[in-house]
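Given chain F, work out where chain Z should sit, using these hints.
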Amino acid sequence: MESKLALSQERIDRARELARHIVSPVQDFIDEHTTLTVERATLRLAGADGADQDGVPVPNLVVDQLKGKLEDGAVVYYLNALVKTGETVDGLNRKIAQGLKIVDLPLGDRSAIDRKAQELVRTFGERVKRNRGHREAKLKQFEGRNSSPLLYVIVATGNIHEDVKQAQAAAGQGADVIAVIRTTAQSLLDYVPYGATTEGFGGTYATQENFRIMRAALDEVVEREQRYIYLTNYASGLCMPEIAAMGAMERLDMMLNDSMYGILFRDINMYRTFVDQKFSRMINAFAGVIINTGEDNYLTTSDAVEKAYTVLASQFLNERFAYEAGLPARLMGLGHAFEMNPTIKNGFLFELAQAQMAREIFPEAPLKYMPPTKFMTGDIFKGQVQDAMFNFVSKATNQGIHLLGMLTEAIHTPFMMDRSISLENAKYVFNNIEDLSSEIEFKKDGLIVERAHQVLEETVAFMETIDKVGLMPAIEQGQFADIKRPRDMGKGLDGLVKKGPEYYNPFEAYLKNELGLKA
Amino acid sequence: MIVRPYGDTLDDGAVQLSFTLPVPDGPRGREAARLFVEKLGFKHAEIVHSQPLSEGFSFYVAYGKTELGIDFDAVQVEEATGEQVYSMYEACDVIKEKLGRKVVVVGACTGFDAHTVGIDAIMNMKGYNHHYGLERYSEIEAHNLGAQVPNEKLIDYALKVNADAILISQIVTQKDVHIQNMTEFIELLQARGLREKFIVCVGGSRIGNKLAVELGYDAGFGKGTYADHVATYIIDRLIERKSAR
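Those protein sequences? They're chains F and Z, same order as listed. Going by the numbering used here, the residue at position 424 of the first sequence is 424; the numbering climbs one at a time, nothing skipped. Going by the numbering used here, the residue at position 168 of the second sequence is 168; the numbering climbs one at a time, nothing skipped.
Some hints here could point you the wrong way.
As the list claims (entries may be wrong) - Here are the simulated lysine to any residue pairs, SDA-like style, with alpha carbons at most 20 Å apart:
1) F:K382 - Z:Y157
2) F:K491 - Z:Y157
3) F:K484 - Z:V61
4) F:K138 - F:D54
5) Z:K102 - Z:Y89
6) Z:K153 - F:N431
Derived from the structure by calculation, the hints contain no laboratory data.
Excised from the complex, chain F in its bound form:
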């Protein structure tokens, strides 16, 4: 790709070098630890599923039994129980739901456990590879049928069956990506609910059954529309890796997954989040799932002009953490947003500059571009224009994933007609300026070029500061989004466990091997 902004490669390289240096010590910490949800995710990969009569999921039942023993890894006890009882995975899940204490079964023959592990790892690997193969085949079969950038809409009714209607309608109207927004309570639940759900607030519970229902519904539309429809959910909150595991098994295509979002914006403990994000991203990478990072959140809390550098810095850090988890650049939906105050003179030029800058710095990444939200008002007519301006920038700078703005953003979760109006808006703009990006160049030393250079400079300066103090202290000092998060505070800290010398996780070993990560 030809550079329109003449950004200094030396400065970009410096930022990446800083990112590597900043992330490295955190990575060492991550590799020495596991968490409750990493263990539960591993159990899920092995097949642990279902819930007891109070709705407590089987993975939680197992991990709860193993308090104090988790440094060995939970899955060894689960595998041992399979060997000892001679049960199938489903049979054992039922027994655990009925109260079987697998912790009481003494650990038996290690080679039998290993054999069981290999069998279940193979089952898991084959299932996910089949999903990946299916997606790749459909994308190839229907190549050229998706919009570029991909048109991404949300459904958020709270009821999975109602979500299906809305999602199918939106996909029929041209949406390429359907995200099922989670109920607002879910990020802080330390378990993943079980089964189909019909009650949620501002969204629908992420459960494996809900994933399956929506996947099947969208697959119908894929055949009807002859276009692949990407399904998205959230690998975030206290159950990041478990949700990633469910997404891998049910062929989700994208997952929201940010290395620091939970710490800053959900007050989840930083140790916990760092460990969780790595395991979840390894699963995402193996499943061919595109991650979507959450940089847009920096701009909803801070000013989009003054704090543009925090977005770019976070993109560099997210990229580094993602590489460490085996994700290739083509699966990194790094985030940014169109959130400048619409009254700013030349604001559109600045938005254009920043979007083009992100495009040039991360050429392979399917950048995820978020629409105006903060300055949307009840004036839906103006909102439609704001969204059109956003659509224009996105197409003119070749973004990868385009989250559609809704004219009713400030009022309610989208009505079916809101989504349609928004899709029509985007399709109109995209088609009308299809080849604009290859036609335009920017004036040397003009406002757009200068703005991009300035943001890159500010980013490098900011990252130099972070590098000096270290990432965890920087978060403690409130360097990111002006939010201070002490390392020994926040939700989920009690779920952090130091791996013991006997720590056993054949699924992690398999993922690392598949992803070419060092063991």
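Relative to chain F, chain Z alone:
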């Protein structure tokens, strides 16, 4: 004075509407939409646009004319703040002059609500739309506790910092989840005998003063509220309380 919607001629009563019907698009759908608009009481109902949303749903844009009117003189509003709203500097001057101490304000998005955009607009240094937030006020000590704060914790914190006022933000209103949470907060305060200790305000895009007062709050703030409005309300109430003592 009786007023009606205005299109291009006084009293023409012109109104535009848009809505979705759970039926396929087509002549029958359009006629159903037109009849529906007439049934709302509009004359000359006209469907100017229709399009399918999916196999079983269709979207309509309609115009109609109404003969109904409202007696403008009889309209009353219940806003928390009156006509006079202090700017940030005026607010700080009034605090210094009339209260002679810093005003402590604690704010949070409570319950499961994770949307801080409202509380941030009111409290963050930067504020919103060129209206500085309470953190910028030299005479206000502002504590923004962020999202998903349990009601109990918010009360504990307010006690700890000896707050004058508590601000609650509720953005998610699907299925009236906010009503439940707002009610619980007031009940908790009452149960602990603290209701009169604080000025308690709630804000959100779908909150109004009327609703807030009904639920036991001192005031409610909806769309178009800036820190100025909230600060003005708190300061005026504190002055009232001081002079009443």
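Quick rundown of the hints versus the structure:
no. : hint            : verdict
1   : F:K382 - Z:Y157 : violated (40 Å)
2   : F:K491 - Z:Y157 : holds (18 Å)
3   : F:K484 - Z:V61  : violated (48 Å)
4   : F:K138 - F:D54  : violated (40 Å)
5   : Z:K102 - Z:Y89  : holds (14 Å)
6   : Z:K153 - F:N431 : violated (52 Å)
Hint compliance for this structure: hints 1, 3, 4 and 6 are broken, all remaining hints hold.
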